[in-house]
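Visitor: As a plain string of letters, each chain reads:
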Amino acid sequence: MANYSEDFTPQEMIVVAGSKTLIDNKVVFAGTGLPMVAITLAQLTHGPGIVPVFEAGAVGPELSRGLPLSVGGSRTTYKANYLLGLNSAFELTQRGFCDFGFIGGAEIDPYGNLNSTMMGRFPEDYQKPKTRLPGSGGASDMACSCERTIIIMVHEPRRFAEKISYITSPGYLDGSPNARWRAGLVGQGPYRVITTKAVMGFDDETKRMKLIATMPGETVNSVQDATGFKLIIPDDVYEFEPPTVEEVRLIREVIDPQGYFVRKKIKE
Amino acid sequence: MIEWTGLSPDEARQFLANKDKSKRDKRMSLKEAVQKFVKDGDNVGVGGFVNARQPVAIVHEIIRQGRKDLTLSFASAGLGPEYLAGAMALDESKNSIKRMEFAYFAHEAFGISPLLRYLTENNKVELEDWSNYDMSARLKAGSIGIPFIPCRSPLGSDMLKTNRAKVIDCPFTGRPIMLLPASHPNVAIIHVQEADIYGNCRTQGPMFTCPEMSMASAHTIITCDRLIEHDDMTRFPNRVTIPFFSVDAVIEVPFGAFPGNCNGLYYFDEKHTAEFRGACEKLRKGDPTPLQNYYDTYIFGVENTTELINKIPLSQIQYIQKIEPGIRLDAGYTVLG
Chain E
1 MANYSEDFTP
11 QEMIVVAGSK
21 TLIDNKVVFA
31 GTGLPMVAIT
41 LAQLTHGPGI
51 VPVFEAGAVG
61 PELSRGLPLS
71 VGGSRTTYKA
81 NYLLGLNSAF
91 ELTQRGFCDF
101 GFIGGAEIDP
111 YGNLNSTMMG
121 RFPEDYQKPK
131 TRLPGSGGAS
141 DMACSCERTI
151 IIMVHEPRRF
161 AEKISYITSP
171 GYLDGSPNAR
181 WRAGLVGQGP
191 YRVITTKAVM
201 GFDDETKRMK
211 LIATMPGETV
221 NSVQDATGFK
231 LIIPDDVYEF
241 EPPTVEEVRL
251 IREVIDPQGY
261 FVRKKIKE
Chain H
1 MIEWTGLSPD
11 EARQFLANKD
21 KSKRDKRMSL
31 KEAVQKFVKD
41 GDNVGVGGFV
51 NARQPVAIVH
61 EIIRQGRKDL
71 TLSFASAGLG
81 PEYLAGAMAL
91 DESKNSIKRM
101 EFAYFAHEAF
111 GISPLLRYLT
121 ENNKVELEDW
131 SNYDMSARLK
141 AGSIGIPFIP
151 CRSPLGSDML
161 KTNRAKVIDC
171 PFTGRPIMLL
181 PASHPNVAII
191 HVQEADIYGN
201 CRTQGPMFTC
211 PEMSMASAHT
221 IITCDRLIEH
231 DDMTRFPNRV
241 TIPFFSVDAV
251 IEVPFGAFPG
261 NCNGLYYFDE
271 KHTAEFRGAC
281 EKLRKGDPTP
291 LQNYYDTYIF
301 GVENTTELIN
311 KIPLSQIQYI
321 QKIEPGIRLD
331 AGYTVLG
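Heads up: the sequence lines are chains E and H, in that order.
Residues in the first sequence are numbered from 1 upward in steps of one, following this note's numbering.
Residues in the second sequence are numbered from 1 upward in steps of one, following this note's numbering.
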């Protein structure tokens with residue numbers, strides 16, 4: 001029986017779930033923020049062989065010099081196995097060297113399409129948006145060309161919308177058969193969506209989001225209520241196990257003691 | 001045909017063919033370099049990545065001199081465009097950004113860009129959104145002298161509805177593929193750790209898109225933390241990331257990327273970045289005074305980066321050097337003045 005934590009935060013739950021989703025010895029292309037925390041946790045627990053790739057150029061570094069504050073910062077480069085620049089990193093994704101892309105966004109639709117560009121009407125208000133977000137960065141490249149994508153989101157109805165303001169990072173597009181292939185994409189698309197309330201995947205046929213597990217303290221209903229579209233609810237939804245005391249300690253004391261990413265809001 | 005910003009591929013080829021590519025001493029003052037190579041209306045390639053190796057010293061000098069109607073080209077950046085946007089927000093008649101071709105403008109762990117919101121939500125700047133790979137590949141196309149480059153991402157994204165990418169059926173596989181127009185900025189502004197007097201550059205850590213950006217641009221201004229002997233540079237020829245004939249001006253500016261990170265030399269100065277970013281956020285919310293004070297103190301109130309650094313407590317400078325985890329530079333060279 002594992003020694004479960006009793007005072008974990010929703011963000012710590014996301015990090016632990018994200019970490020558990022990662023598979024040892026896979027190449028993981030990491031976006032900034034919580035994905036970097038989750039990868040570090042996985043390396044310290046079940047996945048010492050995970051190979052992180054950072055879009056600024058670092059491949060397979062040791063993340064033992066402190067949590068990177070930027071995917072281009074010095075901490076991503078310590079003992080890297082290969083270190084060039086952005087083109088070389090993204091070329092790896094197109095070629096098929098990157099098993100997972102690990103990204104976030106401000107809005108997501110049922111097909112796993114993500115928005116990190118703007119809120120408001122598009123294209124009418126593109127040049128004068130209601131709220132401007134930072135932009136794609138490398139997230140859309142990862143969503144397109146890593147073999148699978150893992151997505152981290154804050155779970156709120158307004159962020160889970162049937163129609164989002166702007167598609168920055170393609171998921172299953174309109175959900176029609178082979179939509180990604182027909183668009184010219186090479187990666188297989190979204191694999192998991194990990195939130196403060198649930199872990200979700202996608203239906204093989206319809207490509208719509210389906211519930212896989214609820215986070216501790218959540219129910220199928222509470223998750224559906226926090227989702228702005230109808231989720232597919234299979235019969236075998238289970239409750240995700242809480243973080244252990246050790247996992248929470250690693251996050252708080254070893255990986256992000258200053259709380260750069262874990263205590264802050266996930267993404268504006 | 002599309003409308004080219006900066007140089008068209010044919011103009012860029014012609015320009016370089018006629019350029020003096022001799023190996024000559026390119027040292028000059030930063031003032032002179034900006035006067036000579038950055039003009040109103042230019043497309044300016046901003047080197048570095050987010051807040052790492054941002055060309056802050058060059059940007060500050062541009063702001064002191066004042067340049068209008070600039071187009072900024074970059075993949076991901078924070079400090080560089082934020083400083084230019086701040087100068088524009090304070091006095092649009094002196095400095096202004098007309099257009100941005102970019103993928104990401106924010107500060108990662110240090111927060112979003114207040115002035116990207118300010119400029120866009122008030123419709124003060126023309127936007128062309130791309131992905132990081134797109135901007136890098138566009139500069140790569142420019143650097144290798146081809147008018148476009150095929151790319152797979154982000155096919156299916158809304159970015160394609162407002163940028164100049166084209167989707168065609170690949171003539172060889174029949175599947176859709178995206179074509180990106182080359183990017184040829186008028187001038188690239190880049191900070192590196194080491195350069196020699198001819199402009200050869202040796203970078204530490206990720207190269208970002210700096211080599212491609214320099215080789216795609218008509219002109220390149222290089223600031224370096226250290227100017228080193230040419231003989232030391234050529235001890236490791238395959239570590240030269242930007243070759244001399246791609247560079248027009250070399251200026252030794254220690255801490256030229258401050259308050260950003262410069263691999264091997266100094267880490268992010270979080271405290272100073274927060275002071276600047278906080279003042280930007282206040283302007284966005286309607287109070288320009290803190291940002292005006294910041295510019296009066298650290299940009300207009302100084303002549304150069306040395307004077308700026310003199311205003312930062314020594315303990316703060318020592319701290320960002322101490323916590324820098326990048327590999328230290330080789331010490332076996334003579335440092336030139």
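Calculated from the structure, these hints are not laboratory results.
Don't take every hint at face value.
Pairs of lysine-lysine residues, derived as BS3-like cross-links and limited to a Cα-Cα distance of at most 30 Å, are as follows [to be verified]:
id, chain 1, residue 1, chain 2, residue 2
1, H, K39, E, K128
2, E, K128, H, K98
3, E, K79, E, K163
4, E, K130, H, K311
These numbers were taken from a predicted model, which means no experiment stands behind them.
Visitor: Next, verify each hint and record whether it holds.
Guide: Tested hints:
{"no.": "1", "hint": "H:K39 - E:K128", "in the structure": "27 Å, holds"}
{"no.": "2", "hint": "E:K128 - H:K98", "in the structure": "14 Å, holds"}
{"no.": "3", "hint": "E:K79 - E:K163", "in the structure": "43 Å, violated"}
{"no.": "4", "hint": "E:K130 - H:K311", "in the structure": "38 Å, violated"}
Consistency with the previously given hints fails for numbers 3 and 4, ordered from lowest to highest.
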